[in-house]
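Build out the structure end to end from the sequences listed, making use of the hints.
These protein sequence lines map, in sequence, to chains P and Y.
Last residue of the first sequence: 460 in my numbering, with the numbers rising by one and none dropped.
Last residue of the second sequence: 695 in my numbering, with the numbers rising by one and none dropped.
In case anyone wonders, no lab produced these hints; they're calculated from the structure.
Take these hints with a grain of salt, some might be off.
[Stated by the list, open to error] What the simulated footprint calls covered on chain P by chain Y, stretch by stretch (three residues with Cβ under 8 Å from a Cβ of chain Y suffice, anywhere in the stretch; the number is not a length): (1) 406–418; (2) 428–441.
[Unchecked claim] Only pairs whose alpha carbons sit at most 30 Å apart, straight line, appear in this in silico DSS-like list of lysine-lysine: (3) P:383 x P:370; (4) P:329 x P:345; (5) Y:444 x P:454; (6) P:449 x Y:665; (7) Y:547 x P:370; (8) P:345 x P:362.
The C-beta atom is built at its ideal place from N, Cα and C for all residues, glycine as well.
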Amino acid sequence: MTAVSEQTGAWLASFNTQQPAAAWLQSLREAAFQRFAELGFPSTKDEEWRFTNVAPIARARFVPASGPWGYSLGEYAGVQLVFMDGVFVGQASSLPGGVEAGVLNDDAQPYLARYASFQRNAFVALNTALLTTGAFVRVARGALVELPIQLVHIMTGGQADSLAHAQPRSLITIGASAQCTIVESYVGTPGAYFTNAVTEIVVGEGAVVDHYKVQQESSDAFHVATMHASLGRSANFSSHSIALGGRLTRNDANVTLSEGTEATLNGLYIVNGTQHIDNHTEIDHAKPHGTSHELYKGILDGKATAVFNGRIIVRKDAQKTDSKQTNKNLVLSDEAVIDTKPELQIFADDVRCTHGATIGQLDEEALFYLQSRGIERAQARSLLTYAFAQDILDRVKVQSIKDQLEKVLFEKFHEHAA
Amino acid sequence: MALLEVKDLHATVGEREILKGIDLAVKAGQVHAIMGPNGSGKSTLAGVLAGREIYHVTAGQVLYDGTDLLEMAPEERARQGIFLAFQYPVEIPGVSNMYFLKAALNTIRKNRGLAELDAMDFLNLVREKMKLLDMEQALLNRSVNTGFSGGEKKRNEIFQMAVLEPRLAILDETDSGLDIDALRTVAGGVNALRSPERAMVVVTHYQRLLNYIVPDFVHVLSDGRIVKSGGKELAFELEQRGYAGLGIADEEEAVGKP
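See below:
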C-alpha cells in the first residue's frame with residue numbers, strides 16, 4: 043500500500059462503524075468515501091495547498107469522540123442548535139415563525155452535497171463520507187427572522203489518550219425574499235483535535251442573509267472548513283469569517299452568484315506563536331450584473347504564517363460584473379510570513395474587477411504621534427493594532443458578536459503589546 | 438531658571454549633521470519664534486525636543502525644568518508637559534479622536550497626581566475647548582485626523598494642546614497650508630493659551646504667523662546654527678528684507694518661490 047492509501051485507509055474504520063443511514067445518504071457517503079480514497083490528503087505540490095502542509099492531519103490517527111456530553115442550553119428565543127464533537131446535543135425549544143430547524147433528515151436530499159462539491163476537495167469528501175448528523179435549518183419564503191440563527195459547535199477534545207475528530211455539517215436553505223442572520227461558532231477545550239466542517243447555504247431570490255463564522259478553537263486544534271453559498275437572483279449575501287484559534291486552520295469560503303446578486307466576503311484572522319491560517323475564497327460570477335466586495339484583514343505576530351488566496355471567476359455570461367477584492371496584512375514581528383495571491387479568471391469583457399493586497403508594519407509616525415501625546419509605546423502599539431481590525435468589526439452587525447470580539451481583541455492585543 | 442535650556446546641541450540624520458550647535462533658553466511665560474529658511478534645521482530642532490527617533494544627538498545638552506530631556510522617551514516628555522503641534526498631523530484610521538484624547542489626557546493627569554476624568558467631565562472640558570478653536574463636535578467621533586482638511590488638522594493640534602495644557606508647547610510650522618481665516622482661528626487658540634506658566638516655541642518659515650502670535654523673542658536659524666536673535670522687530674526686518682537681506686541663503690527664494 044502507498045503512503046496515501048495508508049493515510050486514507052486509516053479513516054476506513056470510522057467510515058465502516060457508522061450508524062446505517064437511509065439509502066440515498068448511504069450511497070452519498072459511499073461515493074464520497076471513494077472520492078476521498080482517490081484524492082487522498084492534498085500535499086504542498088497541489089497548487090490549492092501550496093502553502094498549507096496538512097501532513098500533521100494526514101499522519102495522525104483520529105477517532106470519533108465518545109462523550110459523554112452534557113450541555114445545558116441557555117435561554118434563547120431564536121434558533122440555536124448545539125453540537126458537541128459533531129454530535130447533536132440540543133436546541134432552543136422555541137422556534138420563531140417561518141423557521142424549521144433540527145438535524146438533517148430526508149428532506150435534505152435535494153440539497154445536501156449539491157453545493158459543496160467533494161470532487162475536488164478531500165476534506166469535503168471526508169466530511170461527506172462520515173456524514174451522520176448535522177444542522178438543518180429552513181427559512182420559509184418571505185420570512186423575516188429577527189434573532190440570529192446560531193449553530194454552536196463545541197469540541198471537547200475527546201479522551202486524553204486519543205485524538206478526537208468531528209465532522210460538523212450544516213445545511214441552511216433560505217426562501218425567496220426572506221431575511222435572516224446565521225452565526226456559526228466553533229470553540230473547543232484545550233488540547234489537540236480535528237474539526238472538519240462543511241456548511242452549505244442556499245439563498246433564494248431576493249433574500250437578504252448575513253452570515254458569520256467565528257472560529258475560536260483551541261491553540262492545538264486542526265480546523266478545516268468549507269462554506270459554500272449558492273445565491274439566487276438579486277439576493278444579498280454577506281459572510282464574515284473571524285479566525286482566532288487553531289494550530290492549523292484552512293477556510294474555504296465559496297459563493298456562486300446569479301443575476302444581480304450582491305455578495306460580500308469579509309474576513310479577519312489574528313495569529314501568533316506558530317499558528318497557521320489559510321483562507322481560500324472563491325467568488326463565482328456566473329450571471330450578469332453581479333456585485334462582489336471582499337475585504338480580508340490579517341494580523342500576524344510571532345512565527346505565525348498566513349495564506350490568502352482570493353479567486354474571482356467572471357464567466358462569459360457575467361457581463362457588467364463589479365468586483366472588488368482587498369487583502370491587508372499587519373505584520374507585527376520579523377518572523378511572521380504571509381503569502382497573498384489574487385486569482386482572477388475573467389471570461390467576460392464588460393466588467394470591472396479590482397484587487398489589491400498590502401503587507402505592512404505598524405506606522406512609526408502614528409506610533410510617535412500617540413507617544414507624543416503621552417501614550418506609552420506598548421499601549422500605542424496595541425491601540426494601532428486594534429484600530430487595524432476595527433473596520434472589519436464595524437461591519438459586524440450582530441451586537442453580541444461585536445461585543446465578544448472587541449473583548450477578545452482587546453485582551454489579545456494587550457497581551458501582545460506587553 | 439529657564440524652563441528649557443538648550444546648550445550646544447548637535448544632531449544628525451543618518452550621516453548628515455543638521456544641528457551644528459544650538460543654544461537657546463526659554464523661560465516660562467515667554468514665546469520664542471524660530472525662523473529660518475528650508476533646510477536650516479527648524480523642524481529638526483522641534484523633532485529633537487519632542488523625541489523623534491530618527492534624529493541622533495551627537496553633542497550638547499537639553500535641560501527641561503533642570504532635568505535631562507534627552508534621556509526621556511517621547512511619552513515621558515509629554516507627561517512632563519511638553520507638547521509638539523505637528524507640521525503634518527498623522528491620520529490614524531480606527532482610533533476615535535475622543536478615545537485618543539481621553540487616553541492622552543488621563544495619562545498626563547495621572548502623572549500630575551490628578552484624578553482621571555470620567556466620560557461626563559471629559560466631555561464638558563472638551564466642549565469648552567472646542568469653542569476656542571471653532572470646531573464642530575462631530576470631529577470628536579471621527580478617527581484621528583482621518584479625512585480632515587488641512588485646516589481641520591491644524592485646528593485639531595491646537596485643540597489637543599488646549600485640552601492637554603502643556604508647560605512647553607512647540608508649534609512646528611502650524612501656519613503652513615492655512616488660509617487667512619484658519620490662521621486667525623488657530624492663532625486665536627494659541628493666544629488664549631498664553632500664560633505666565635507656559636512657554637512656547639513657534640517654528641515658522643514665514644513672518645505671517647507672527648502678526649497674530651506676537652513673540653517675545655525671534656531667533657533666525659541658518660545651516661544648523663542660530664545666526665541672529667532679537668525681539669519681535671527682527672521678524673519684521675526679515676519680512677522686509679528677506680533671508681537674503683540678512684545674508685542667509687534660502688533654497689525656496691533661490692528657485693523663485695514667494
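For each hint, the structure was consulted:
1. 406–418: holds (count 12)
2. 428–441: holds (count 6)
3. P:383 x P:370: Holds, at about 11 Å.
4. P:329 x P:345: Answer violated: residue 329 of chain P to residue 345 of chain P is near 42 Å, above 30 Å.
5. Y:444 x P:454: violated, 45 Å
6. P:449 x Y:665: violated, 57 Å
7. Y:547 x P:370: The given pair, whose Cα atoms are some 37 Å apart, is violated under the 30 Å limit.
8. P:345 x P:362: violated, 42 Å
Checked against the numbered hints given earlier, this structure breaks hints 4, 5, 6, 7, 8; the rest are met.
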